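**Q** Given next are the chains, with one letter for each unit.
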Amino acid sequence: MSNLLEVNEVSKNFDNFTALNKVSLSVPKGSIFGLLGPNGAGKTTLIRIINQITMPDSGTVFLDGEALQGKHIKDIGYLPEERGLYKTMKVGEQALYLAQLKGLSKTEAKARLKYWFDRLDIGDWWNKKVQELSKGMAQKVQFVVTVLHEPKLLIFDEPFSGFDPINADIIKDEILHLRNQGATIIFSTHRMESVEELCDDIALINKSNKILEGKLVDVKRQFKSNTYEVGIRSNNQPELRQELAQKFNVSNATFKTLENELKLNIKLQDNEKSNDLLGFLASKGELSHFVELIPSVNDIFIQTVKNN
Amino acid sequence: MNHLPLIIKREYLNKVRNKSFIIMTFLSPIIFVVLIGVVAYLTQLNNDKIRVISVLDESGLVKNIFKDTGHTVYHVLEQMSLKDAKALSKETEAYGLLHIDKMNDVKTIAKHITFYSEESPSINTISDLETQIESKLTNMTLLKNGVDLDMINASKIPVEIAQESFDGEKTSKIDSVIKIAFGGALGYLLFMFIIIYGNMIMRSVIEEKTSRIIEVIISSVKPVQLMLGKIFGTSLAGITQFLIWTILGFVLMLIVSAVFGIDLAQVQTPHQQVVRQAMENPELNMKIQDVLTAFYNLPLFNLVVAFILFFIGGYLLYSSFYAAIGAAVDNETDTQQFMMPVIMPLVLAVYIGIFTVVEDPHGTISTVFSFIPLTSPVVMLMRIPFGVPIWQQVLSFSILVGTFILTVWFAAKIYRVGILMYGKKPTYKALIKWMKY
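The listed protein sequences correspond, in order, to chains A and B.
Counting in numbering that gives the first Met the number 0, the first sequence runs from 0 upward without gaps.
Counting in numbering that gives the first Met the number 0, the second sequence runs from 0 upward without gaps.
Same shape as in the complex, but just chain B:
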């Protein structure tokens, strides 16, 4: 008799109706949105603050070059000793005091510039000042040596290398950024999903053991059916939760940004910052259209199909591990020793994805790990935006499916024996023996 649909239904309903599941489902997006709101608020607060930098230029060469910006105001002090200037800056709560010593030649001056402040200044502030002074002093030196500045400026030739694949597909630097961001997001999503819902499966197996219903159930159904039912039922509950989160999160974001008037575009993840810097860089001269073009340049259809397949394959593979672990132990505290070897390849996959794939998406390491079944779902998902031949994807997915079938077979053996074992904490040796029973 095939009871799989019945078991899946029970597991699903049991998860979905669970109070903590409902609370988590509806509370998480709220917490998430509130958190983002706070971050956005703080960012704005920070941006609104104006920094005053006092400038005491005893050389008199650079005091007029500083231009006030939205965030920084320069206050030039005259006819004052360094001591008084320091005291004054402190008193007026200036961000800091830039002091340029009086020296004879430009080269010596460059070595006698100091920034005094209460706390260590931000790196951005210092490098900003350095750039401004440097350019002024360089220009002065050039002029002094009789070089025509206009000629130098006119002789500057900006170069932008166009990128194109052998097949004639145009790419750009912004493309890479988008690819990294997109692939990274997919890989990370899978990683999170496996950890959260894998644990849920494990707990559900342990619950059946501790409530001692297990023997009643497996006198009616085959253990492997029960295990698969659990895996599928919990996965469906997980997908339901994810969908609700996505929808709720989206709606809440809209509400929050409308009510509080917080410009969410200002809240930036690291990836977005990369994009922004790339966009703001005048030499690249990128616009939002380019980002969109880059996005549409992605092999979107391939990505969606691969995402669904590798996501399901990878998730099911790891789920069978979690189910076997749950069957092997009596309570959650005993799971630690078995969790390590499961989490390790996952973490490894994410690291390879972030460091190696970004650097060289088609290098040996990236390619090899996108075939090894324990790492392939994450690594392959991160590689696909860079264009992976279909045969590689098919091969990798086949290996993944084959491994999944094999793992389920082994996990079912451990599961079958483990669910009836109570009391002793099993060792790896014991687990291997169980497979022979």
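For reference, chain A alone in the conformation it holds in the complex:
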């Protein structure tokens, strides 16, 4: 699969501050790409460079095989984290204006807006002024405006902020729908559960440098420690614990169960097999719980940033 977006060694300095230091990224076509990083890591600067709002000091950006240039503006839809609308303008009028700025003709924009407004059930808002809308309502309008011109690349910066769970779900479904229709999506957020749910690929930026990039499953595989979470019922728990500790690398675990089991995390060596552990445990008592610990994006995030 080819890449829609290629960022090659892009650097950006503000005064004495380095916002990006030779950052490279490859965003595969048709994927949802999670751009992660702590506050102030340089994500927004990178996104602004992709949107040609800021120019990089060095490095190149390619969209669909072409060096980034003015005509690409209509190929990108950007929902910034700091977003708003003209408060005194009417919703429909404003959406039309923003769509026209993206190069749509007035009639085309009108037809598409009607489709989207109906789809998101916000058709009644056309003649309302933005200042009459709630924050969530305004966010929906902004979402529509971002995707309206059917860009190849969509960039969402914290798209779910301000939404209630129901509307957040609607937007999530729309994002997946857009991906399935062929759009490539860059998704920047601090909500790790959305990343788990949506992203195919991730990149982690910390202190102006990219420190991690890859398919989400590959990254997880890379970070897994061969540890198993185990719950076992036994009449003599301390004795069993001691016995296991002699054979394996054991630490205490906490998870919720119905009975009072012995709960342990057991880390296997490279030469040890999970089946052997399972067989051994089964012989010692009634097994209620046996799960391989897959590192969460949250864990990976915290671990990587702390070690960096």
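For the record, the hints were derived by calculation from the structure and aren't laboratory data.
Since this is a predicted model, take the numbers as computed values, not measurements.
Please note that a few of the clues may not be correct.
With a straight-line Cα cutoff of 27 Å, these simulated DSSO-like cross-link-like pairs (lysine-lysine) come out [stated by the list, open to error]: (1) B:Lys221 to A:Lys86; (2) B:Lys432 to A:Lys21; (3) A:Lys305 to A:Lys206.
Following the hints, position chain B against chain A.
**A** Same frame as chain A, but now just chain B:
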């Protein structure tokens, strides 16, 4: 893609449809006309009042020289002590009491004339009295010394110097007055326009920042396009407002003067007073025709063209400053520190226009400041009625345009960085750094 027309249209419609804009547009002329009506009414009221001045002339030399006028009536008191005269004047609510002491010779009398009044009298009243008494006493002295008054009067030769340029164009004193008035009005109009609509541009930029729509917009258009769109859109809204004001003001004036019968010609601005004095002065013997001739003597075609060009150039130059300031700050209160350096050259230009150009329209200072781009629109507009060589105007305008392009370029840099900056109040140092980003 060129989105400039789209942005201009939005800015224009947004301004024009704004409620406060509509209210201001239609209310201002009404307030203005009402104000003028009140002033006119008060002026008339004042003129209708008749002043009574009591005269107690113990010398008996001048008591018959005072002639009643429309506004002043002289009431000569006889056979009365100063004390009684004062009491009587006070009682009859006279404007004041003129007392001439009884003395032996004219020179001493001249030093013993006093005006008593409740409040300090107007300067005009006193100088009027002084002139009348002075002329009487002078004539008496002349007669006493055996001089023939008729001969003196007959020997007076009034002189009027005709003015003509080397090219044979006739001018007069009234010409200068008209030129000052006309140039001043144009310069001042530009000054007001820049301040009012410059602020509007600034507020509109700040609004985009505070509503946080800015990043959405500039992911679609270049910041410089957005900035220019704002400047042009707001300017068009401003011109619309000015046109409506002019038309409405004119119509309302006609209505008010017709309904209330107030003679608007009596309401006088300082310039008009100068003209009136010049006209009333018998030695100049000017008539309204002369004023009209003076008006047509102005380089009208040159003025109109120059007015349009310098007005647009000057306004756009300052607008780019305002746009940059708006981009640099988060709210209006933070704009103060940056406003000063913008307003200063404007005020300077108006002062130079009023004081220096009037005095010496082609002197070094006037000429130099009519080339410096920050002051040239105002100063040049004030100079042109006095006749400025075309090459000077072209040069000055070229400098203005060049500076405008340069300023827009710099302003766009500040704008581009500033619109994405929130939170901290920028310093001048920061602004200079932004230009390098």
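**Q** Can you confirm whether the C-alpha distance between Lys305 of chain A and Lys206 of chain A stays at or below 27 Å?
**A** With a Cα-Cα distance of about 11 Å, the restraint between Lys305 of chain A and Lys206 of chain A holds, given a limit of 27 Å.
**Q** Mind checking the alpha carbons of Lys221 of chain B and Lys86 of chain A for me, to see if they're no more than 27 Å apart?
**A** At roughly 22 Å apart (the allowed maximum being 27 Å), Lys86 of chain A and Lys221 of chain B satisfy the hint.
**Q** Taking 27 Å as the top limit, are the C-alpha atoms of Lys432 of chain B and Lys21 of chain A close enough?
**A** With a Cα-Cα distance of about 23 Å, the restraint between Lys432 of chain B and Lys21 of chain A holds, given a limit of 27 Å.
Hint compliance for this structure: no hint is broken.
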